[in-house]
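For the protein sequence lines, the chains are A and B, in the order given. Add 8 to the 1-based position in the first sequence for this note's numbering, that's all there is to it. Add 1227 to the 1-based position in the second sequence for this note's numbering, that's all there is to it.
You may find that some hints are simply not true.
[Said to hold, decoys possible] Computed cross-link-like contacts, BS3-like style, restricted to lysine-lysine with a CA-CA straight-line distance of at most 27 Å: (1) A:K343 to A:K138; (2) B:K1381 to B:K1547; (3) A:K343 to A:K185; (4) A:K185 to A:K164; (5) A:K365 to A:K559; (6) B:K1271 to A:K556; (7) A:K559 to A:K428; (8) B:K1625 to B:K1446; (9) B:K1260 to B:K1271; (10) B:K1420 to A:K622; (11) B:K1418 to A:K92; (12) B:K1619 to B:K1388; (13) B:K1446 to A:K559; (14) B:K1621 to A:K563; (15) B:K1388 to A:K428; (16) B:K1625 to A:K559; (17) A:K622 to B:K1256; (18) A:K563 to B:K1619; (19) A:K91 to B:K1256; (20) A:K563 to A:K359.
Note that these hints are calculated values from the structure, not bench results.
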Amino acid sequence: MNYEVIVVGGGHAGCEASLAASRMKHSTLLITGNINNIADMPCNPSIGGPAKGILVREIDALGGEMGINTDKSLLQLKMLNTKKGPAVQALRAQADKITYPKEMLTTLNKQENLWIKEAFVDDLIVANNKVIGVILENGEKIYSKVVILTTGTYLKADILVGDKRTPGGPHGEKESKNLSNNLRKYGITIQRLKTGTPPRLLKSSIDYSKLTREDGDSVLRSFSYDFSPIYQLDEQIPCYLTYTNQYTHEIITDNLKKSSMYGGYVHGIGPRYCPSIEDKVVRFADKERHQLFLEPESRYYDDIYLQGFSTSMPHDVQEKMVHSLVGLEKAVFLKYAYAIEYDAIDPLEMKKNLENKILENLFTAGQINGTSGYEEAAGQGLLAGINASLKIENKPPFILGRNEAYLGVLIDDLTTRGTKEPYRMLTSRAEYRLLLRHDNADIRLREYGHQLGLINDEKYHKFKEKLKKIDELKNYLCTTKIVTSENNLLNQLNTSRIMNGISLYELIKRPEITINQLIEVGKVPNIYSDEVIEQVEISIKYEGYIRKEEKEVEKMQAMENIKIPNDINYDLVINLASEARDKLKKVMPLTLGQATRISGVNPSDITMLSIYLKKGK
Amino acid sequence: MQDTICAISTALGVSAISIVRVSGNDAIKIVNKVFFGKNLENVKSHTIHYGYIVYNNEKIDEVLVSVMKAPRTFTKENIVEINCHGGIATTKKVLEILLCNGCRLAEAGEFTKRAFLNGRIDLTEADAIMDLINSKTEAARKMAMKGLEGNAKKLISSLRKDLINIISNIEVNIDYPEYNDIYEVTVQDLKSKLSIFRNSLVKIISEYENTRIISEGIKTVIVGRPNVGKSSLLNRFLDTDKAIVTDIPGTTRDIVEGSISFNGILLDFIDTAGIRETNDLVEKIGVEKSFEKIDEADLVLVILNNNEELTEVDLDILDKTKDKTSIVVINKDDLNSRIDISKLQNRDVIYANTLLSSGLDDLKNRITKLFNLDQIKKQDYNYITNAREIAKIKECLKILDDIDMSLLNDIPLDMLEIDLRNIWNILGEIIGEKYSDELLDELFSKFCVGK
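Model the full structure from these sequences, guided by the hints.
In structure tokens, the structure reads:
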């Protein structure tokens, strides 16, 4: 049978890609090495967190599945950074590692136009630099219009523990032996990356009395804009906190050479934001202790994930290390920590629609692109599914700006700067983060989701209704005044009196005044949802800063509006530095703005390029 | 390439003529708007015309204007060159007027760049042109740094380092909120850091002001009640030195009564109503007009009469000038002193006698000291580039003001960080450091975080 779309790999990227393509009405085949591992969470049991939580909201706003699926699998939910500004608040869930994959599989199975096949893909079918299908391990050929590779860490994966290197994917699953070699054969650059995971310990072997408890929030929330919370607040499962100590550090230092990393057995490049515990002890030698989190993995089994303790030490050393920790003196190991090395492509060889520059109709998403994290993977999967569909439909690609979404920042970073280490989304990567908030993902993206056909009319109307209410409330606050005869009311609100009448809008600018207070005292009708009130309040209170960022966006847009033709010959642009010329040829930026963000391209190169572009007109 | 650019094309310093060059489609049209004389739009190409530059119905300078029409010009665009005669301040004013009327300030090397782009200069000269174009980014910055006396670059680098420390700490607090081992930046930290910051930036600007006077002269205002000896002090100065008297009433907003040169540095005496109109005007009005000029002055000379007790007006003048760079000149020191010296605490005081010319050398020495005149070197000084960098530093100060306001309004730290990052970027532009992944590098090298 032929399909329009083939997705290779059933992780978070693969699931979103398959769902997006099939929801956009294209017959889609999801090929996975093991159906039981679909939407598996091989590392930490949490979804969201700063920046990442906002990615999940964006996925949901566009019509992806990760938000809803997380809401169905909660062990605990927390809003982070609540003492900071609205721009950096984000949800983080502990998600059940049994429920999450189960719910996702159910959704996939119910989806029209989507088929799932258990197999390994060995090679692509390529004709005239266009991909037209895949070849399975057994030689079977399946044809399609586009192929999306979401192979995670499975390409030529090796598990590293101490001086032992064993071919295999996460949890010793079968790896993909040949696919990355074959990709290289077509001229695609392959890089080697590394990541790691900490040990899993038996819940009942931990002495919780010695540990600090960390509970979930006492307010019901949800990731998805379309899902009402179904979990019980008091049934949330707590996390716990412990620390390393001098003794732990001694064990690590004494055994350093036995770790894969320091023994010289690792070739791949690991992420700086996810250092192994031995890395932390070596690089931050003056720190007396390092913080560790004990996170539950599931309601249905007893594994506890020891966050902050990823290591590639041999098993016996791992045991000594863990047993040196307070509360874990008698901890029983269910799984040992390991490092994993895998092949990835160079994302600079990818266009902004996630299509490969060398092979047409080949899309890639997730860890194969050099990223790390479930959320980053899911986001790319969704965008790859959308763009693959648009390619089939002969429509222009769907590319989000850095000012529109963290997803836009993610894709722009990957395709403009590339990455030499597994890329994780961080708040600091987004220069316009005040515009890219957790609370306004729907306002930023739902319209797109609807246009793409991923948000149905019912959800869309609900969203439009919300926008209407926001306008209505804003308008009410602008046009309703508080006058001097109401100064008693202001006393009651513990705010200074007024000399002349001011609008409620102006009043809300005062840090001590909230819309809810004005509702309580009867100045604002009590007919608005919390979501609407939140939107309006943020836009009033932080108006100055929001406007500042919007001005910055305008500056950037001016550069983004200067398009670079895709047939540009950089050899004809005079006086470019040779490094800049090479980088420009490799990245092939779409706009002058994108060109300025390439490392190694200097302002004088940009001047020459812009002169060339203007003369061409 | 459509816009019209202008710049002062002659070296800045004391010279008889300076030229403002204007190039672009609208060059003739724009100059014509501010030119009083022939209609330049009707004149032949490559001709010179006499007239005035006028602003708000005020004659700014007497000029000769050369009109050269495209394409037979240096840039192959319309070019107008204005020969100004009124000294640096006037030339600058002419430039400002052009900027207000639709010209853009040319970047370093931009006339040459246009010449190249429009095919006026051969490609074989590409190397030289690249140098000029690059000067906008690299060389211009280096040049600018030379202009800033006192190791400004070092200072800015260290300020940036401080700043990136706070920024990366705030970022880590955002991205890893649950690491209670990591120091959480507080509003108090920020406040104390930023006040140190502000002081450093203010210092850079004041150092710049010192060097600025090289090209622009020291704007000096003499204030005092009528008949305390203002005019005679001025006359002594102008008599005893080779004064350049450019008393052309109505040519500038600031009327330079006269100038003297201290080792090539101009001391410009700015006219105040108090000096020009002595007896005719009511005392009060004269003094009030002087006050307006005090704000703009680099140096204020307060004249008091030794033989009279301090009047309310004197005290008012002293109060208005207490934060300015000023010298109190007690005139008529041969007469009995009736001045209450206790009112002059913390002031720079000199005794003089303008009629006998005594005390003048003291005064000059004091001025030399106040402005470091014997230390300021004239070389490597580039006004335009410097002004750009100073404008950037002033931009930073403005952002610091914003932050102060925001702190009053309980704006959260993570938002203020946007301002901090802005300052960090602007300072980076000044010293020519481009943002790369510096922040992330800092973040991961300083803080221990991750699974």
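Hints, one by one, checked against the model:
1. With a CA separation close to 43 Å, the supplied pair A:K343 and A:K138 exceeds the 27 Å bound.
2. Of the pairs offered as hints, the one joining B:K1381 and B:K1547 is violated, with about 36 Å between alpha carbons and a cut-off of 27 Å exceeded.
3. Between A:K343 and A:K185 the alpha-carbon distance is near 24 Å, which keeps this suggested pair within the 27 Å criterion.
4. For the suggested pair A:K185 and A:K164, the alpha carbons sit about 5 Å apart, so the restraint of at most 27 Å is met.
5. Between A:K365 and A:K559 the alpha-carbon distance is near 34 Å, which puts this suggested pair outside the 27 Å criterion.
6. In summary, the hint linking B:K1271 to A:K556 is not supported, as the alpha carbons are separated by about 49 Å, beyond the 27 Å threshold.
7. Restraint check for A:K559 and A:K428: not satisfied, since their Cα atoms lie roughly 32 Å apart, outside the 27 Å limit.
8. Under the criterion of a C-alpha separation no larger than 27 Å, the hint pairing B:K1625 with B:K1446 is consistent with the structure, at around 25 Å.
9. At roughly 17 Å between alpha-carbon atoms, B:K1260 and B:K1271 fall within 27 Å of each other, so this suggested pair holds.
10. Restraint check for B:K1420 and A:K622: the C-alpha separation of about 45 Å exceeds 27 Å, so the hint is violated.
11. With a C-alpha separation of about 17 Å, the suggested pair B:K1418 and A:K92 falls inside the 27 Å cut-off, and the hint holds.
12. Using a Cα cut-off of 27 Å, the hinted pair B:K1619 and B:K1388 holds, with the two alpha carbons roughly 18 Å apart.
13. Taking the CA atoms of B:K1446 and A:K559, the gap is near 38 Å; set against the 27 Å cutoff, the hint is violated.
14. Between B:K1621 and A:K563 the alpha-carbon distance is near 20 Å, which keeps this suggested pair within the 27 Å criterion.
15. Under the criterion of a C-alpha separation no larger than 27 Å, the hint pairing B:K1388 with A:K428 is consistent with the structure, at around 25 Å.
16. With a CA separation close to 16 Å, the supplied pair B:K1625 and A:K559 stays within the 27 Å bound.
17. Between A:K622 and B:K1256, the direct Cα distance comes to roughly 25 Å. Compliance with the 27 Å bound is thereby established for this hinted pair.
18. In summary, the hint linking A:K563 to B:K1619 is supported, as the alpha carbons are separated by about 17 Å, within the 27 Å threshold.
19. A threshold of 27 Å between alpha carbons decides the hint, and for A:K91 with B:K1256 the separation of about 58 Å lies outside it, so the pair is violated.
20. Between A:K563 and A:K359 the CA atoms are separated by roughly 24 Å; this keeps the pair inside 27 Å, and the hint holds.
Checked against the numbered hints given earlier, the structure breaks hints 1, 2, 5, 6, 7, 10, 13, 19 and satisfies all the rest.
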